[in-house]
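Chemist: Each chain, written out:
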Amino acid sequence: MVGPMYDCLANPLGAIRLTFEKAVGSGCEPSAFDGKDWGALDVFREFLVDQGNLSQVPVLNSETLKWVQPNTLVRFRGMVQDMLGNEFYAGAYKDGSGWRTNKFGDDSQQPIDSSPDVRVWERRLLYCVPVPGLNTWAESEAASEATVTSMDLTSQQRDKRQRMDAESMDYEVCPGSNIVLEDSPSAKRMREDGHPSLSVQLSDLKPEGPCSSTMMRPEVGDSPSCLVKVYDTRESELKLNDIFEFVGVFTIESEPVPADDGDDIDLTTGFRNDLVHLQANKVPCLHCIVHRKLAVSDFLRSSPIIEQSKHVVMNTRESLLRHLTMLLGNDGVAANYMLLHLLSKIHARVDNVAVGKLSLNLTCLSKEALSVFGVQLCNALRNLLPFTDSIPLTVNYLNTACLGPKKDYQRNRLIGGTLQLAEGSHLTIDETQLETGTLNSVGIENARLLKDLVELQKVEYDFTYYKMEMAADVQLLVLSEGKSNILPADIVLPVRPSDVSRPEVVSAEALGAWRWYLATMRTLSHTIESEIQEVVEKDLVAARQADRRIGSKEFSSLLTMGRLMSLSFGETTLSLEHWEMVKELEKLRKERIN
Amino acid sequence: MASDSSPARFNNTPSSPDDSAFSSPIGDTISSPAAGTSRRNKRGRGRSAATPAYDTPPHPNNHPRFAGSESTPTPLHNASNSRRGHGGRPPTPSSTSEGAPSSEAGDDMDEAAPTFVWGTNISVQEVKSAIQMFLKNFRDAQSQGAEIYEDGKYMKAIHRVLEIEGEWLDVDAHDVFDYNPELYGKMVRYPLEVLAIFDIVLMDMVSQINPLFEKHVQVRIFNLKGSTTMRNLNPSDIEKMVSLKGMVIRCSAIIPEIREATFRCLVCGYFSDPIVVDRGRISEPTLCLKQECQAKNSMTLVHNRCRFADKQIVRLQETPDEIPEGGTPHTVSLLMHDKLVDAGKPGDRVEVTGIYRAMSVRLGPTQRTVKSLFKTYIDCLHIKKTDKSRMVAEDAMEIDSSTQKHDEDVEFDEAKIERLRELSKLPDIYDRLTRSLAPNIWELDDVKRGLLCQLFGGNALKLPSGASFRGDINILLVGDPGTSKSQLLQYIHKLSPRGIYTSGRGSSAVGLTAYVSRDPETKETVLESGALVLSDRGICCIDEFDKMSENARSMLHEVMEQQTVSIAKAGIIATLNARTSVLACANPIGSRYNPRLSVIDNIHLPPTLLSRFDLIYLILDKADEQTDKHLARHIVSLHFEDPELAQQDVLDIATLTAYLSYARNHINPQLSDEAAEELTRGYVEMRRRGNFPGSSKKVITATPRQIESLIRISEALARIRFSETVEKHDVTEAFRLLEVAMQQSATDHATGTIDMDLITTGVSASERMRRENLVISTRNIIMEKLQLGGPSMRLLEILEELKKQSSAFEVHLHDLRNAIATLQTEGVVAVHGDNVKRV
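The listed protein sequences derive, respectively, from chains H and Z.
Using the numbering used here, the letters of the first sequence map in sequence onto residues 2 to 595.
Using the numbering used here, the letters of the second sequence map in sequence onto residues 67 to 905.
Looking at chain H on its own, in the form it has when it is part of the complex (with noise of 0.2 Å):
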């Protein structure tokens, strides 16, 4: 519609405005334009999907953070973390004789109030940070641009070649830069991004308890928190706990909190607005422009390069087995239940039942054999899934940890528990760190919500006055040494490694191939053709007609196995053979079991 008359990226809001008065010059009330766009959306979409363009926005992190000018186009990834209401501003105003919008932007200072003409539109408010649990390579995507542009800031155009450059010299270093490996999630976000190679020693890595990362969540400061100002959108779409990535235009509230002396009579101090806390700690803001939910093949770099054919999803899965055998001491069903876990994804939820969960409770783990097995277990599973996170199960974490997710009245926010997880996260809790002791009202509260999450996939949100719960999606990985019954999990598996081998090195190219083998294929649809559901229904019966103590959860949870199996396969429909293959394993599992 228009051609690039002016720079989206470096001043959208003049592009915005300019839209808003060629809309208005045309003839439109600015009243039209309520909750409505007026033509600015197709603008950036235009320049950023059509024209390609997206990539040369800069991601919002910490290292961008430092040099990214007010008013300029940025993109931020991140999991809405709290929902801050409406808000509402001068969407329009008449200034002189020409109508001027304030549409994503919050400059307009100049006394607004002596124009008799407003139009009060509203905006909503997220609160957003970055995704829980968020690996290494998974987030070096996004970032890696950046770090490189933020030498020279003064010219824009030389700004923007030079991230151009970067682009380029990103996808060379990319097979490398994947595999930054780092203990601590802290740690995490320290890039290291000047030290690609191409492969690295998994035995390399300090000697660390698996589950010993700090269990702080990011605070505020030392990666951002984005307050995302959305505009025109229905409530639906977008939910607490979804990952988006927005772009939209870069503010920050630098204004300090109003001085409440002499105004004590205004509003605000009743309590402190929720703005003006955020505002005191300068949280960067974000206009959204245009938004877009991520999913977990998001995260992976190489996506495009690799066709889903049959032969390769059979390679795949060949290797991963492979490299999960030798993971968990060349035990074999160990290493097919763990692949079905890392497949498993809720598809449905009837009343209280979560359909497509699959928690695996790792028996027979001393605290000996899991600094062996559990170590290489956790850096592996921070290698394979983009979001992984894990609690150390100790009497003192129960009593102390926050769990879950609270509102903090004072603050007017909710304070994230280590719970409130972005869908498709993977937890590992390592119970094996468990001695005896007391739980107090914490500890007790704290174990209710993690079997909460691992029976029925829902988190209690504390909001003081009532409780709420949340449908979470989370794989659980359970490490114990006898049956966890904390956590009852769908699946209770004893380990018996047979050999301890020494870490093998693992290519870059296999690690982005299993990543994007485990992103695709729990994906997939999945049906079942109704001879196999006759056959499927007569096991099924007989099995509890021979045990009756087998009831509905087991049934689920061979059934989901049985999906699993045939979608780690890429197959869409459950076939015979991977049925009989789940009862194979079954029984395998039973007889180690008794």
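Just so you know, these hints were derived from the structure itself, not from any lab.
As the structure is a computational prediction, the values presented were derived from the model and not from experiment.
Be aware that a few hints might be false.
Only part of the chain H face toward chain Z is listed, based on derived beta-carbon distances under 8 Å [what the hints assert, rightly or not]:
id, residue
1, MET84
2, TRP122
3, GLU236
4, VAL354
5, VAL537
6, LEU541
7, LEU560
Idealized CB from N, CA, C, for every residue including glycine.
With chain H's structure known, arrange chain Z on it following the hints.
Modeler: Only chain Z this time, still in chain H's reference frame:
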């Protein structure tokens, strides 16, 4: 709070559209003396000489009840709707030079013959007379006709207000709507203006009735026709009257808001006239006004000569039911003035009526520049606690038998009721509801029917003599593990109007009933309610009933029959209502049901408690291939089909809840003669059943408790159909349900007949007979074998003898011991260890 406004002022100009007549009463709403207000007006008028707009009546000063500091709304609406310069806000937007933008408005109004509020179609006179008519003539629907010569509802109310020297008059918006929908529409759309006129009219009337009445009376509107949710508040609601439900989460401290300031000259000690707050600011005089002094910057505020009004900011949060999936609760600020301060405490569920306002935010306290943002809040007019537990509790028993029209806060509009009524007419509504109850739990249809009855409940009855009969149905589910008892419980808990879910393992007696604790601050003893009291008029779900401590369980006796909890400790003797249905579930004692043991032995609950359950369901996991197949298919479909499609003709939870609460509150079925007859007949038959010819055993089949249960269940069944009478088939179904439950729970495993004794005493009639036989034969043996004072005999020897004599039934050592113990109490034998001696 005394107001020095002379009532005469109102009287003099009752209807003249004179500025002061309008402004003073309004000006007084916040109890600032009229003197100050009018003075302010004079100033205003002095100013307004330049702007004709001020001469028009609806242009008085601030409507002080909304006069927050910056609350003068900046012009939020576009030109055509910018209603500057009429009641409720100052003529100018908050911080511009005075009057300038209003000129064209004033012109408009000067020309128009009826005075319109600027930018609206509100004619002041019209509205005024409409309000007058309403207040004078409105009568309740029921009082119409017979008492036509009596005063209208609100005239009475005004008189009452005068008598008690009240400060406000509550006006039901429904009444306004019924009387004059047009007025209602105007009131909701232009609340600031219309309420100002309302107040004036009211004050006129007050002064007519009692010219000496000094207090100012305000109108408080409540009960709007439609209420919105916090989420749906949007810019178009600004300046409209809205009604919201929510939960108070925070209350600020009470803020004394200055209304009038007095200054004193530090130099000469001259006191200035009180200066009234103007748009949230006090213009401090820079010059001493005394002619002789005229010192500059000498004026200082005299605090105790100033006038303050109470103000409080309350934060309201959405209740969980209004929050969509994947959202967090919204909050909104409320501004409370005067009497409304502290009307709600954190945790209260309230319904608020008020005016939604937006105010611009200044950059700094001293700057006139404002941000483009607005702060929004609701100027509260009326606050109503929707949680009525306390109110109901006061006259609970009386309400029980009468209809409870005002009990529920769920409001039903006509269309909804019509829909529900249509549903109730469906021939298969009973089955449909059964299906809709926990649709993902397979089978157990009869259990679900029982639970359905529990949800609907029977009629509670209070006889004039004081005896009362509970209407709540108690249900116990006993069953094998893994038969989804807990899931059923959870489901009912979610569905029931006021459910509490506890687990027996974690509950103590005090946690269930009530306990006395000492307030840490005041050292006073306070009574705190436990789960059962909290679920008054709801369902208390107790999981793991069998694992509850003995002590806790014994507390349930009173609750389940008398429906009260009595407390006598720490100086407090109290009886609390606990009209709750109990839904408990338990595992059999060996965690799996042992068919060889009696139900009592399996459940291991005291029979006294057990008999208080109307329905006891035994959910047994029978090794039935058919059921297994169903289960398998169900789960397979859960996994592989779209779950939405799998369960179609069931009611969704919202409809089900609406249906339930409507039935509970509006349907009170009575037994028809036919049904009563059937009940008697069936009961007689039940009692006779154990007595059939050929059976020598006397088995007690039913107890009077059962007939009460039957009545309750039949009433619930009639309620399910929205029927006001209990028909014969309801009774038949009730019998069937009871039998289904009893056959499972009270089957005497020795005889196969229903045996209520099993439940009431724990021993079945046949078992009792067997024991008696055993005692007799043991006595015979002892009489035969042992001489008086002769050698003793070992127990085992007696056992051998018994076995020889009676091959018909098995004799255990345990049984023998019991028999010997009986004989011992009879004084026939003496027992030393294992040796039995005849005495």
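Chemist: The structure should be examined with respect to each hint, and the outcome stated for every one.
Modeler: Do the hints match the structure? See the list:
{"no.": "1", "hint": "MET84", "result": "4 Å, holds"}
{"no.": "2", "hint": "TRP122", "result": "6 Å, holds"}
{"no.": "3", "hint": "GLU236", "result": "7 Å, holds"}
{"no.": "4", "hint": "VAL354", "result": "6 Å, holds"}
{"no.": "5", "hint": "VAL537", "result": "6 Å, holds"}
{"no.": "6", "hint": "LEU541", "result": "4 Å, holds"}
{"no.": "7", "hint": "LEU560", "result": "4 Å, holds"}
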